[in-house]
Every structure is written in C-alpha cells, then in structure tokens.
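Please model the complete structure; the sequences and the hints are all you need to start from.
Protein chains in written order, with our numbering: chain B, 1 to 421; chain V, 1 to 290.
Since no wrong hints were added, every one of them can be taken at face value.
For each label pair, taking beta carbons as the anchor points, the in silico distance ranges come out as:
1) V:E101 <-> B:E250: 21 to 29 Å
2) V:P213 <-> B:I10: 52 to 60 Å
3) V:H94 <-> B:R239: 22 to 30 Å
4) B:R231 <-> V:E272: 35 to 43 Å
No lab work stands behind these hints: they were computed from the structure.
The beta-carbon is built from N, C-alpha and C at its ideal position, and this holds for glycine as well.
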Amino acid sequence: MTRPLSDLIIEFVAGLRAAGVRISVAESLDAMRAIGVAGLALPRMREALRAALIKDEADSPIFDTLFASYFRGPPHDSDPNPKSRGMRAGVIGGQGGSSAAAPERPASKSAAEKGVQTDPTEQDEPEERSTAPGRASDSGDPGDSSENPVEAGSPEGATAVAGRGFSPEHHDDRDHHGPDAALANLRRIESVPFASYSPLEYDLARDALAILRRRWQTRLGRRLRRARRGRLDFRRTIRASLQHGGLPLERHFRARRPRHLDLVVLADISGSVHYASLLILELLAGAAREFRRMRGFVFIDRLAAADFERGHLVMTPHLDMYARSDFGRVFGEIASAHPDILNRATVMVILGVGRNNKRPPRTDILQTIASRCRAVVWLNPEPPERWGTGDSAIESYRRVVDFLLPCGSLRELQASLVNII
Amino acid sequence: MEITAEFVSAGLKRARYITNERVETAIFLALALEQPLLIEGPAGAGKTEVAKVLAAMLETQLVRLQCYEGLDEARALYEWNYQKQLLRLQAGEHQGQRWEELSHDIFSRDYLLERPLLKAILAPRKVVLLIDEIDKADEEFEAFLLEALAEFQVSVPELGTLRAAERPVVVLTSNRARELSEALRRRCLHLFIDFPGIEQERKIIELKVPDLPERIAAEAARLVNALRKLDLKKAPSIAETLDWTRALVRLGVRELDTAAVRSTIGVLLKHEDDRNRAEGKLATLIGRSR
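Printed below as a string of structure tokens:
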C-alpha cells in the first residue's frame, strides 16, 4: 500500500461527512496539521483526529466506527493481537442485553431499543475508557503504557475484562454514554413527523425530550430575564452625585419592570395528534417555573384540566377518547368556565390541527379570547400544505391568533418555539 | 520550551491530574497548534481543572474570564476608568490645564481598566486564558469572541491597535446550556470530558485523599459511579467525591455501610429530591459496590 496518508485522511473525512458529521475544509486541514504534530501512533492519532474533526460528542460513536474501519491496516498499527478487539466487543455486546434488563435507566433502554444499529458503535467507547489500559496493547508506541497514569494500571483493567465479564465497571461505563446516546437519539427522532409515530418512536422521543426541555428552559429563561439593566436613571444618578460634589461617579439604571406571564396550554389529544400533544405538553410543563402560573388543558370535544404526575398525563374529568374534536365548543367552555385565567398576562398556546369535523368553528369566541390575552399561539402538527383543506378551519382561526406555526416534528417544534420567544 | 507529547504527559503527571490518552492528545494539540481548546462535559467532570493544570504545567499565569448572561465587551475586554478620568479632569481644571493635555492624559493606559481578555493579550509572556462557561454568555458575545480569538489584537480607538506579544493558550469550557455556534466550534479543537470510570476515579481518590484505606476508596468510587446512574438532578462531581471521602476520613469511617453513607450523603447530593431518591436504593447500591 503506497497511497499517501493525506489521501486516506481525505477519504476518511469524506466518510464522516457521508455519515452526517459536518466537517468544514478548515477542519480537515486542522486534522492534517494535528496528525503532523501528533504523529502516527494509533491511539494518539485517533485522538488527534477526534479533537480536530468531531465537535459534538454525539458524533463520537460514528467517528469510532469509521476510524476502526479506515485505520486498522498493519502499516501504522502494530497491534499484536488483532482479535482482541472483536473479543472485547463481544463481551460488552453481551452486557448491552443485561443493561436493557435494568428498567430504571431510560438511556440504556433506548440504546437497547435502537438495537443493532448503535451497539457496535457504543461498545467501542466504554471499552476504551474503562480499559484504557487494554488499549496499550493496540498502540504501536511502547512508551505510552509507562507514561500514561491510567494505563499504568493496565493489568487489573485487563483482568477485569477477561475475568469478570459482566463486571459492574463495564456495565456502568457503558451507561456513561447516556447523554450522548440521548443526543444521537434526538438527532434521529427529531425530523420524524409526529403523525407517523408508533409507540416505540414516542418512547424514543420522550427520552430525547429531556435535552429539548433543557434547551428550551434556558432559552426561555434568558429571554425573560434579558436586559435587567435598562436605561440610565437620570434622577438617581444626579442625586447620588451630590455625595461627590456634583460628580456623577455612580451611574444608576432604571430597572425594567418585571414581566409576569401566565401560560395556558390547550391541547387536542384526539387520536391523530395524540403523541404530538403529549410531547408538547410535557415540554411546556418543564418550563413551568419561568411563568407565574401555568395551566394545562386537554380536549377532544370537551375540556379537561391536565396535569403531569411523574411523566403521566392526568386529566379531570376523563375524556371520551373516541369523540371527535370540536374546537368551537371547547373555546366556548374555556371562555365561560375560566374567564379569570384569560388576562393581559396570559399567553395561550393551542395545539391542534384545527379540523373541526364540520362543526361550527366559533372563530368569534377565539377572537374574544385573543383580545383578552397577551398572545395566542397556535401550534399545528399538520404539514402547512394541508392547512385549510377538507374540514380544516385553521384558515379562519389564522386570522384571529397572533402566531400560527407548524410543529410537525420535534425539529419544527424547536424552530417554532425559538420563533415565539 | 519545546512542546512534545511527552512533555504534556509528564506535566499532567506532575500536576497530579489523572487522565487518559484523549485528554492528553487534545491538550498537546492545543499547545502545539496554538488553537483554542473547547472542552465540554457534565458539570464537575474536571473541565476547568484542565486550564489550571495547563497553567501549572507551563508555569504561567491563569487569566480567567467567567461568562454570564449579559457579559459584554466592557466587562470582557476593557473599559475606561470613568471615575478616575473624572477626578483627573477636576484636578486638571484646578491647575488650569488645557483640554489637549488633559484629553491626552485621560485616554492613556493608566486610565484603562484591563479586563481578562485584554490582560491576556497584553501579558508580557504566554498565559493561559480560561473562558469559563461560554454557553452562559449571549450569542452576540460569542461572535465578538470569535474575532478576538482569531487575531489576538484589539483596537482601542484612542490608543490604536494592541497586539499580543505571545498568543495565549485559550481554553473554553461549556456545559451545553445552549448550543454553541458552528463558527466557534469550527475554530476550536474539541474535547469531551466525561465523569471518570470507576478505576480512574479510584486512582484520583487515592492520589488526593491518601489517608483513606484502599478498600474503602474502591468501594467509594463504585458507589459514586452507581449514584451517577440514578436519574438525579445533579450527579455528584469529582470534587464532591473528594470532599466526601475526606469527610469519611475525618469521621474515621472503617466500613462503608448504610449508616456511614446515610450520615454523609449530604456531601455528595445537594438536592433534597436526589437524597430521597438515593436513600431508597442505598442498601442495594452499597451491596453492589462491595
């Protein structure tokens, strides 16, 4: 094999790009330079490439898999024991099954559900971390094992793998990838439309929701708290300057008046949008502390108060799940039964496709509601090209709400939420 | 001093920082290629520590810029010392100085408040610049930072362009409270630091808390590791593990049993919910970590 290494690296980068990792030209140049200084000893070269190319830990498993397939050849790798890798992988693959049996761990559960696809990528990682010593045998650089403090302990590490098999260390280290697995999971699930969800996908999406919830919480918090320091308070500044003989040494600023917002969520949970509504309700519920008050309602043809208890939706009274959506009637109910919660501080979020089954849409009531609220946001899980077709009343609702945004998948939902705040 | 991988590895050892090939290589590259190093990972996994260790390794100063919401150029780069300028003007007035002299005077380096970025740029020798929790800063600030990190020079209108004599070693840390921009990621080397595995954590405990019996150190490492698996609000960090083991030493704990753990769990878990959740499973966890 006489191909220059640079070609191989270019191919490797192309492979990563093909697998969905975003790598710029500048980064691939960085990778070349990194190898230039780090040398070709395999573990170090791998970490050098990783540092230069992989900017998101969620891509790390892809990197590991591809790296193993590109750079295993003998020229730079004096691995004396080429089978060791497969063998260890086997051991850990077995644990994948055992961790799936542990019910209290959503991350590992989801990883197990993803099954074959992720297992080979994930097993590479923990193996490397827990038994970094084991790696020493892979490396062509004998200096490594004595210098690296972790690797110094290699004998015990190696016995842990070989001898105990299902040792708790391995079990545990595998789970270290909880957050990364969740991120990878999110990537996969976020562009799947809600409409095509099966219960399995719903579970995956719920696992991924934790990340979304954190992002959304932070964004919202930042948005609501922004600019605490407002304009210069001229009078206070002058008054304070009297102490310094008229020199305005201390500047005072007028604090913005705190904004209190009440969030009212109104979600259609009839069959067609069931999953979308549950996910969105859960997401919004996560940000409850940013609002002064938060009220959740679910409806099909009637209204019911909604609450989340330990991740499960609790509604009172219970709704007839086989009924057909009736938006008009529900708007009437909320306007007459809960007039107190609709005020200038209220932001109302409505989830639903606006298909009213030919019943009166009662746009007039929604208009009254909108005039009393600070804002009404309608999130529609249907693709925009279908809005207004058939029995959809969304076009007439569009005229009275402040925002009408698509939220067909987790990705669209994220984009829409960012738009609102 | 020449930067070699061996130098980095020995330096980390000297600074008593236990780590792995990945961290070593990333640090080495950051030094060798003079590129900023972006470190991500859960809170308390030792991200900030990397910068401190780097400073110790290079025997230089650590300049720290702690990011927060609303951080702006004035807080990060420089600000004119407004109060001092005012006083100078007043004094000058009494002495009957003319505006030309005065203005020349009050816009000199004496009246410049150096904030961390400028301090790192103007330092006479190579320093380590730690930009901590960059994810807390606003996106606008990130854009500004990109520019500063690319050139390491700053234009102060009244003073002209100030250039770094030695490019600082830049370490950025992020907890992923928000996604950083692609542009920033592109320009940095990336390193993800996770919580250590059991073996590594045991070594850390043994190194930093040498008074703890070896057997308890191993059990403690396993227990903390198991605690991190629970769905906690905040997983115990390495620093908390060390505090906890120190507490165990102070209390003269000889056996890591349920009573001992229960009485000290407050050092590890700082949320009431987390404590309740962990206490329910404590007996199982301890049994498993034996």
